[in-house]
Amino acid sequence: DGGITQSPKYLFRKEGQNVTLSCEQNLNHDAMYWYRQDPGQGLRLIYYSQIVNDFQKGDIAEGYSVSREKKESFPLTVTSAQKNPTAFYLCASSIEERPSTDTQYFGPGTRLTVL
Amino acid sequence: AQTVTQSQPEMSVQEAETVTLSCTYDTSESNYYLFWYKQPPSRQMILVIRQEAYKQQNATENRFSVNFQKAAKSFSLKISDSQLGDTAMYFCAFMKHHTPLVFGKGTRLSVIA
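So the sequence lines, in the order shown, correspond to chains A and B.
In the working numbering, each residue carries its 1-based index in the first sequence increased by 2.
In the working numbering, each residue carries its 1-based index in the second sequence increased by 1.
To be clear, the hints were calculated from the coordinates, so they are not data collected in a lab.
Cβ coordinates follow ideal geometry from the N, Cα and C atoms, glycine included.
It is possible that part of the hints are untrue.
[As the list claims (entries may be wrong)] Ranges between beta-carbon positions, derived for each pair:
id, chain 1, residue 1, chain 2, residue 2, range
1, B, Ala73, A, Asn55, 28 to 34 Å
2, A, Thr115, B, Ser81, 34 to 40 Å
3, A, Tyr12, B, Gly86, 22 to 28 Å
[To be verified] In silico lysine-lysine, BS3-like type, Cα no more than 27 Å apart, as pairs:
id, chain 1, residue 1, chain 2, residue 2
4, B, Lys74, B, Lys106
5, A, Lys72, A, Lys11
6, A, Lys73, B, Lys97
7, A, Lys59, A, Lys85
8, A, Lys85, B, Lys97
9, B, Lys79, A, Lys59
10, B, Lys56, B, Lys74
11, A, Lys59, A, Lys16
12, B, Lys97, A, Lys59
13, A, Lys16, A, Lys73
14, B, Lys56, B, Lys106
15, A, Lys11, B, Lys106
16, B, Lys106, B, Lys79
17, B, Lys79, B, Lys97
18, B, Lys106, A, Lys72
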C-alpha cells in the first residue's frame with residue numbers, strides 16, 4: 003500500500019519531556035512537511051524538507067526540531083522548549099518534479115497532549 | 002507574504018442542495034496553485050480539487066467545482082447535490098511551485114438531512 007503513515011496516533015507528554023513524532027512515506031516523494039493544527043487556526047507550517055539532509059524552518063519552528071536522513075522519513079521532535087505543544091500534527095509530502103504534479107498529500111495525523 | 006482568507010467560519014446546507022464556500026487570497030505572484038482540502042471528523046486531510054492559476058478553465062471533480070477569478074483573487078468551491086458525507090471542515094490553500102501550502106482558517110460545513 004502506498005501512502006503516508008504517522009505514528010503514534012495519540013501521544014502524551016509530561017512537562018519537560020522531549021517526544022518524537024514519526025512520519026514515513028513510500029510514495030517516492032521528494033518533499034516532506036510538518037504542520038500544526040489548533041482549533042480555529044487552520045494549519046501552520048513548522049518545518050519542511052525538499053531534499054535529504056536539508057530542511058527549512060516554517061512559521062512556528064521554535065521548540066521543534068527535525069531530521070531528514072532518508073527520503074522516506076521526516077521525524078519531528080517536540081522539545082521541552084515548546085511551551086504549548088498540545089495540538090494535532092499533520093505530515094505531508096509532495097513529488098515536486100514538475101508543476102503539474104506538485105500537490106501535497108497528508109498522513110492521518112498525531113494528536114499530542116501535554117499532561 | 003501570501004495570505005488566504007475564508008470569511009465563513011460555519012455553513013450549513015440541506016442534503017441534495019448546492020452550497021458555495023468562499024475563499025480569497027492575496028499574492029503578487031502570477032503563477033501559483035490553489036487547493037481545496039476536506040477534513041472530515043476523522044481529521045484526515047483529503048484533497049478535493051486543484052486549480053493552476055495559468056489555466057482559465059475552472060477545475061471540476063464530480064460534484065465539486067470551483068469559480069476561479071484571478072483578477073479578483075477569489076477561489077470559491079461549489080458543492081452540488083450535497084451529501085451527508087460532505088460534512089467536514091474545508092480548507093482553502095495557496096501554493097507556489099516548490100513551496101509549502103498557506104492555509105485559510107477553514108469553513109465548517111454541516112449537511113443536514
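- Item | Numbers of unmet hints, in rising order | Hints 1, 8, 9, 13, 18 not satisfied by this model.
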